[in-house]
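Once you have looked at the hints, place chain B on chain A.
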Amino acid sequence: MKSGGSFAEIFIEDRRSTSAVLDDGLVEELNNGRDRGAGIRVVSGETTGFAHTADLSASGLHKAAEAASSAARSNSEAVVEVDLSNESIPNISEIEIFPKEVSKSEKVALLKSADESVRDAGLPVTQVAARYGDSHRVLQIANSEGLLTGDRQIRSSFSVSCVAAGDAGMQTGRESVGRTVGFELFKDTNVDEVALKAAARAVTKLDSVPAPSGEMPVVVGPGGGGVLFHEACGHGLEADLIEKSASVFAGKQGEMVAAPNVTLIDDGTMVGEWGRFAIDDEGNPAHQNVLIEDGVLTDYMWDWQRARKHGRLSSGNGRRQSYRHLPMVRMTNTFLAAGDGDPQEIIEDTEYGIYVAQLGGGQVNTATGDFVFGMTEAYLIENGKLAAPIRDGNLIGNGPQVLLDIDAIAGDFAMGSPGTCGKDGQGVPVGDGTPTLRVKRLTVGGTAT
Amino acid sequence: MSTELIEIAELVTSWSASDEQVEAVVTSDRETEVRAYEGEIESLTVAESQGIGVRVIKDGRQGFAYAGTLEENELLEVLSEARDNASFASPDEFSGLAEPDGVESVSLDVYSDGVNSLATNKKIDYALELEKLTLATDKRISGIESSEYTDVVSESAIATSTGIRSSSKESGCCLMVYALAEEKGETQTGFGFSIGRNPDELDVAKAASDASDRATRMLGSTKPKSERLTVVLDPWVSAQFLQIVGSTLSAEMVLKGRSLFADRLGETVASPIISLVDDPTNPQAFTATETDGEGLATRRNVLIENGELKMFLHNVWTARKAASTSTGSAIRSYASTPGVGIQAISLKPGGRDPIDLIADIDNGILIQSVTGLHSGVNPISGDFSTGAEGLRISNGELSEPLREFTIGSTIQKMLKDVSEVGSDLEWLPMSSAGSTVVINELTVSGA
Numbered sequence: 026m027k028s029g030g031s032f033a034e035i036f037i038e039d040r041r042s043t044s045a046v047l048d049d050g051l052v053e054e055l056n057n058g059r060d061r062g063a064g065i066r067v068v069s070g071e072t073t074g075f076a077h078t079a080d081l082s083a084s085g086l087h088k089a090a091e092a093a094s095s096a097a098r099s100n101s102e103a104v105v106e107v108d109l110s111n112e113s114i115p116n117i118s119e120i121e122i123f124p125k126e127v128s129k130s131e132k133v134a135l136l137k138s139a140d141e142s143v144r145d146a147g148l149p150v151t152q153v154a155a156r157y158g159d160s161h162r163v164l165q166i167a168n169s170e171g172l173l174t175g176d177r178q179i180r181s182s183f184s185v186s187c188v189a190a191g192d193a194g195m196q197t198g199r200e201s202v203g204r205t206v207g208f209e210l211f212k213d214t215n216v217d218e219v220a221l222k223a224a225a226r227a228v229t230k231l232d233s234v235p236a237p238s239g240e241m242p243v244v245v246g247p248g249g250g251g252v253l254f255h256e257a258c259g260h261g262l263e264a265d266l267i268e269k270s271a272s273v274f275a276g277k278q279g280e281m282v283a284a285p286n287v288t289l290i291d292d293g294t295m296v297g298e299w300g301r302f303a304i305d306d307e308g309n310p311a312h313q314n315v316l317i318e319d320g321v322l323t324d325y326m327w328d329w330q331r332a333r334k335h336g337r338l339s340s341g342n343g344r345r346q347s348y349r350h351l352p353m354v355r356m357t358n359t360f361l362a363a364g365d366g367d368p369q370e371i372i373e374d375t376e377y378g379i380y381v382a383q384l385g386g387g388q389v390n391t392a393t394g395d396f397v398f399g400m401t402e403a404y405l406i407e408n409g410k411l412a413a414p415i416r417d418g419n420l421i422g423n424g425p426q427v428l429l430d431i432d433a434i435a436g437d438f439a440m441g442s443p444g445t446c447g448k449d450g451q452g453v454p455v456g457d458g459t460p461t462l463r464v465k466r467l468t469v470g471g472t473a474t
Numbered sequence: 066m067s068t069e070l071i072e073i074a075e076l077v078t079s080w081s082a083s084d085e086q087v088e089a090v091v092t093s094d095r096e097t098e099v100r101a102y103e104g105e106i107e108s109l110t111v112a113e114s115q116g117i118g119v120r121v122i123k124d125g126r127q128g129f130a131y132a133g134t135l136e137e138n139e140l141l142e143v144l145s146e147a148r149d150n151a152s153f154a155s156p157d158e159f160s161g162l163a164e165p166d167g168v169e170s171v172s173l174d175v176y177s178d179g180v181n182s183l184a185t186n187k188k189i190d191y192a193l194e195l196e197k198l199t200l201a202t203d204k205r206i207s208g209i210e211s212s213e214y215t216d217v218v219s220e221s222a223i224a225t226s227t228g229i230r231s232s233s234k235e236s237g238c239c240l241m242v243y244a245l246a247e248e249k250g251e252t253q254t255g256f257g258f259s260i261g262r263n264p265d266e267l268d269v270a271k272a273a274s275d276a277s278d279r280a281t282r283m284l285g286s287t288k289p290k291s292e293r294l295t296v297v298l299d300p301w302v303s304a305q306f307l308q309i310v311g312s313t314l315s316a317e318m319v320l321k322g323r324s325l326f327a328d329r330l331g332e333t334v335a336s337p338i339i340s341l342v343d344d345p346t347n348p349q350a351f352t353a354t355e356t357d358g359e360g361l362a363t364r365r366n367v368l369i370e371n372g373e374l375k376m377f378l379h380n381v382w383t384a385r386k387a388a389s390t391s392t393g394s395a396i397r398s399y400a401s402t403p404g405v406g407i408q409a410i411s412l413k414p415g416g417r418d419p420i421d422l423i424a425d426i427d428n429g430i431l432i433q434s435v436t437g438l439h440s441g442v443n444p445i446s447g448d449f450s451t452g453a454e455g456l457r458i459s460n461g462e463l464s465e466p467l468r469e470f471t472i473g474s475t476i477q478k479m480l481k482d483v484s485e486v487g488s489d490l491e492w493l494p495m496s497s498a499g500s501t502v503v504i505n506e507l508t509v510s511g512a
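Chains A and B are the protein sequences, given in the same order. In short: position in the first sequence from 1, add 25, done, that's the working numbering. In short: position in the second sequence from 1, add 65, done, that's the working numbering.
So that you can see chain B by itself, here it is in the shape it has in the complex:
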C-alpha cells in the first residue's frame, strides 16, 4: 500500500504549475478495536480510513485543503481548493515547502506484520482475557469499566514539487483496562496498559496488575492539608510534564512571542542535573519515526544539556524565519498544516534507583496521577496547577493514599527545583518517556 500512497502523492504534485509549490500528504490507517464487558464482546470495530492534505504556496501565500478520501475526482477538488485558499492568505517571504537537505533518515523497524496476521478471534481473546485477569487480581476489584484491545497499521507518504519523497508504514497495538475497586462503600479507579508493535509483545498480566494496583492503592485515601513540600513525580506523571516543557521549546512559540524561554538560549533554565533530548530516531520510543511531517529526516535534538538551554525545535517555516535549519520537527495530520513539536522526548536518567530517592525524603508526596493538565497549565505564562493523586512519603517510606488536591508552581521554577532524576526510564504511549523526578518544593493545595 505504501507504494500506492506515494504514487497518489506524486500524482497530485505532478499537477503543480511552474509558478507554485505543491505538497501532498497521503495517509491510510487500518484499525481494529475490541471491547470486552462482563465476559462478552461489547463492541468490535474494524475500519479503514484514508485522507489527503494538499498545501499550495504561490507568491509566498499558503493555502491548504484536505479530504477524508482518496478518490481521484476528490484529489483534483482538494488541490483546487488549496489553490483558491492560497489567494486569500497574506504573503509571507518565509513560506515554502521542504527541500531535500542531505540528511539521511535512520532506518527504523516500526512495522511488524503480527497485527495484520493475528486472527480477529485472538484479538477478542486478548480483551476478554484482560478483563478476566484484572477481575481476578484482587477481591476488592468490583468491576471493569472497560477492557480493550486496539491495533492500527498506519501508512503515510509525502511528496512535494520541490523534490521531497518519503513514505512510512508502522504498526502498533495496545491493551487498556480501567478497573473499579470498592471497599466500605468507597470506589476508586485505576488503569493499566501494555503497548507494542506486535501483539506478541503485549503483557496482559502486567496491564491487569497495574490497573488493580492503581485502583486499590487509592482506597481509603484522604485529602492532604495545604503546604509546600517535596514532591516526587512517578514516570507516568513526569512524562506528561515533559510534554508541556517540550511545547515551550518550539521555535514557532518563540518566533510568535509565546515562549517563556525566548531569548534564553545559552542560559541556565533548569537544574544542572537536567538534560532533555527529543529523539524520534530512538526505536524504543513508540512515537519513533524516520521522517517528520514535511518529509525530512528526523534527528536527535538536545534541547537542554546540564541545565543549559541549547536549541529550539524547527520546521521549515520557523527555520527560514529564524535563518536556521529544520530540526525535522514538523508534526501534523493529513488534515492540518505542519506545526512544530516534540516527537520523542526524555530526560537523561540519573544514577540512583527511585526507591533510594524516596528513602531520602522525610515528608513528601509521591504523585502517581494528574488530571486537568489541559485546563491547569498555561504554557505561555508558565503557571500551572493540576489535580493530583498519590501516596504520602513519611520518613523515607511510602504510606497512606492521598487524593482531591492540586500541585502547583510555575514551569520555570519547577525546572530549577528538580533535585534528582531517577535511574529509571520508561517509554509510554505518548511522545515522551517518564523517569522518577524529585522536586524540592511544590505547593500542595488541599484541605
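Pulled out of the complex, with its shape left as it was, chain A reads as follows:
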C-alpha cells in the first residue's frame, strides 16, 4: 500500500455471527449475520481521513482509499496496491471446535436444556430467556509502514435471564459466560448451572430489602469487581483521554495514585478470556501492560496514533468495533492482582456495609473521575456477617479517591463475566477480574434512609 499521506492503512474484516434466542419457552429465532468490508485510514499530520466500504473489489477499495486520502487533505493521489491473496492468517486464536462446524440443532439444544433445568427446579421463576451466541471474525491489516498481518478471533457466549415473582413484585437474575474460544466452551461450562445461577439470583432477591443510602464500606466479591476498576481508573488511563487532559490521571505517571497493595494490569494475551486477541485492530500484538504497580501509576494504554506522537510503541490497545469504525485506545482484560487477605476475614472485619457479589454495568466521567456502577446481586453486612439481600441500584464514587480507599485485597482472584465496553459509540468485548476487596467508603444509592 502506498499513499500520499504520511500513513495509510487498510483494515479488512469478515465477521460471521450466529445467535439463538429462547424466550417464554419458545425458540424464538436463529439469526445469522455476515458483515464484511474494509476501513481505510490515511493520516496526514494530525488529520485522519477515514472511509469504509462493503465493496471489496479493487475499484471499491480504490474509491474508498481516494475518499480517505482526500479527507486527510493529503496532497498526492492515493495509490492502493494490496495483494492479500498470498497472505496466510496466522492460526492464533486457540480454537478446538469451530462453531460453524457445529449443527444449529446442537446450539438450540443448549437453550432448551437451560430453560428446562430452571422450569423443572420447582422455583418461583416465572420467565426464562436464554441466548447463545458465537462470532467468527477474520482480520487482515496492511499499512504503509510495511505491516501485513491478520488474526482470527472466535468468541462463544451463553447467557440466561430469569424473572422470579413473589408477594413484593418481580425480581430478575442474570448469569453469562463468554470466552474467546470455540464450541468447546460447552465442554467446560454446564449451561444448566448457568441457568440455575441466574434463577437463584432472581429468587434470592424476592426477599430483598431496599438498599441503604449513603457512604459505607463496600466489599466486592471475587470476579465481581472488575467493572469497578474498569470505571474508576481504566478509562482514565487511556492515552487518548490523557492527551486531551480529559482524565484525572493525566500527568500522574510515577505518582502514588492508589493504596500500596493495588496492582492493576491490562492484558490482551490472556488465553481464552473475553478481551483476548493475538493482534489488536491496528495489527499490533497483544501485550500485558502493568498500569498501576503497588499503588504507583506506571503507564497508560496506547494505540498507534497516540504512541507515535509520544515516540513510543503501541501497547496493543488500538481497537475498533468493526471496519466501519476508526480505532482508538481501549482496554482488553483488566484485572486487579490478588493480594494476601482472607476473604472471610474481610467480611468479618466489616461491622456494617454491603457485599456486592455481582456488579452490573457502569459509567465514568474521566475528566472528573466520578463513576457509577450497578449492583445486581448484593447483601447487607451486619456485625461482620452477610445479612439480607438488597434490591438493585447504583453505587457512586470518585475514581482517584476510591483507589486510595481500597483497604483490603484477598487472594481469591477470579475473572468476572464477559462485558461489552462502550466508548464514543463503539462496543468491544472486554474481560475483567478481581479478588475479594474492600473499599472503605463508597456511596450506596439505595432508598432506605
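Note that these hints are calculated values from the structure, not bench results. One thing to keep in mind: the hints can contain errors.
[To be verified] Rough simulated footprint, nothing fancy, chain A against chain B, three-plus residues with beta-carbon under 8 Å:
no.	region
1	70 to 82
2	126 to 134
[To be verified] Taking beta-carbon pairs under 7 Å as the criterion, some of the chain B residues facing chain A (in silico):
no.	residue
3	Ala112
4	Glu146
5	Phe159
6	Gly161
7	Ala512
[Unchecked claim] Over the 12 Å line for every Cβ pair with chain B, so calculated as not near, a few chain A residues:
no.	residue
8	Gly64
9	Glu119
10	Thr197
11	Phe208
12	Lys212
13	Met295
14	Leu429
C-beta atoms are modelled at their ideal positions from N, C-alpha and C, and glycine is treated no differently.
For chain B alone, coordinates are given in the frame of chain A:
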C-alpha cells in the same frame, strides 16, 4: 436510491415459495463525521453502509438472517440462511408478517437535500467554528474534548410476500461538543448540541453556550448529604426517564411477564397530571417516521391519560398473541427481528413556567444530568438509582452545584409522586421529548 432499495426488497420477496412468508428490510446510510481538535481537523469520515435483513416464516416457525451488503449473490445466501434457521425455531401460532391494515401513513417532511448539497469544507467549518466558539464563551473553559459535525442520509425499504410495501428517506445533522472547564485545579465537563434535518437549522452558538454553561456551573460542586426531598428533573433528564417508563409499556414485556404494569390497564398508575403519548407522526420529533419496522403506518398512541393506563404498544406478533391490533410500534434495524418500543414519547405539558415551579420549592435539587441509567434501573422490578448532578434549590432559587450523589426510587412510586409538569417541551436527540418535572420525594444518597 429509495426506489432501488424497494426493488431489492421486492426481488427477495419474489423468491418466496407458496408455503412461506418472506420479509426483506433493506437499508442504506450515507454519513459524514468531522471532528475538530485544537483548530485542526482531527478526523474526517465519509462512509456508505448498506444492509439487508430477511425474515422467513413457515409453519409458524420464524428464521432470520442479515448481511451488511446488497450484492445479489449475498441476497440469495441471506434468504437461504433465514429459511434454514426457521426450521430450528419452535412453532408459534402467532408468528406472522404484517399485512396491509388500511391505516394510511402520514406524510412527513423528514428529508432535506441540504445535508447532501453542503460542501465538505462547510461541514469542516461547522466543527472548527463550534470548537472556537465554545472556547471563547468563558475564560474558565480550558479545553475541548471533542467538537464534531455529523450528518446522515438514511433510506430504507420493506417488502413482504403478504403485500407490505414501504420506503422512507430521511436526513439528519448534528453538532456535538464536550467542553472542559477548569478553576482552582478542579475540572468539570459539559456538553452542548444542536440537531436538525438540514444544516441551516444548526445553531452553533447555542451548542457552544450550552456546553460552556453545563461545564462551568459544576465548578465548585460538592456532595450533598443523604436525605429525602423534592427533586426537579430538567428536560434532558426527564426525557431519559420517559424512555424507561415507555419500555415498560411494551406489550412484549407484558405478554412475557416482564412488565410491572401488566394487568393494570384502566387503573391509575401515575399522578393525575400525567398524560403520556407516543407519537411518531409528530414532525417535531427527530425520530418521527411514517412507517414502523414492519412497514405499517405509525400512529399516535395515548399510553397514559390523566394518570390512567390506557394501552400497551404492539407490533404484529404481540397484537396477534393478545388478540389486538398492531399500534405501528415495531422497532428494529436490518440486523434484528422487530421488537416493540416507543418511537417519539412525550408528556403533555402543564400550565406553568419551570421558573415558577422552582420558586415554590424551599429545599430541593434540580437534576441536570444522570449517569448509569443502564446499570441502575431495573425496568422489571421497577427499582432505580442513578448517578446525578445538579443545583441546590433553596427558598425558591437555584444555588450551589452538587455532584457525586444518586437519586433513587421505584418507577411505580416516582410516577405517582410527580406533582408538576412544566409548560416547556423540548424534543431531544432520542426517542423522547423532555419537560421540567417536579417529583415530591426521591431519595438522595450522598455523604
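Please verify that the nearest CB of chain B lies beyond 12 Å from Leu429 (chain A)'s CB.
Fine: 15 Å to the nearest Cβ keeps Leu429 (chain A) off the interface.
Quick check: do three or more residues in the region 70 to 82 of chain B have a beta carbon closer than 8 Å to a beta carbon of chain A?
violated (count 0)
Measuring from the C-beta of Ala512 (chain B) to each C-beta in chain A, is the shortest one below 7 Å?
6 Å, holds
Check whether three or more residues of the region 126 to 134 of chain B sit with their beta carbon closer than 8 Å to a beta carbon of chain A.
Holds, because 8 residues of the region 126 to 134 of chain B bring their Cβ atoms closer than 8 Å to Cβ atoms of chain A.
Take the shortest C-beta to C-beta distance between Glu146 (chain B) and chain A; is it under 7 Å?
5 Å, holds
If we take the beta carbon of Thr197 (chain A), is the closest beta carbon in chain B still more than 12 Å away?
The claim is violated: Thr197 (chain A) sits with its nearest Cβ about 5 Å from chain B, within 12 Å.
With d taken as the least Cβ-Cβ distance between Glu119 (chain A) and chain B, does d exceed 12 Å?
The assertion about Glu119 (chain A) holds, with a minimum of 28 Å to chain B.
Should the hint that Ala112 (chain B) touches chain A count as held when the rule is a Cβ pair under 7 Å?
At about 5 Å, which falls below the 7 Å cut-off, the nearest Cβ of chain A leaves the hint on Ala112 (chain B) intact, so it holds.
Against chain B, does Met295 (chain A) hold up as non-interface, every C-beta pair farther apart than 12 Å?
It holds; Met295 (chain A) is separated from chain B by about 25 Å at its closest Cβ, greater than 12 Å.
Under 7 Å is the threshold here; is the Cβ of Phe159 (chain B) close enough to any Cβ of chain A for the hint to stand?
At 10 Å from the nearest chain A Cβ, Phe159 (chain B) fails the 7 Å test, so the hint is violated.
Have a go at the Gly161 (chain B) hint: is there a Cβ in chain A nearer than 7 Å to its own Cβ?
14 Å, violated
Confirm or reject the statement that Gly64 (chain A) sits farther than 12 Å, beta carbon to beta carbon, from all of chain B.
Violated, because the least Cβ-Cβ distance between Gly64 (chain A) and chain B comes to about 9 Å, which does not exceed 12 Å.
The earlier numbered hints that this structure contradicts are 1, 5, 6, 8, 10.
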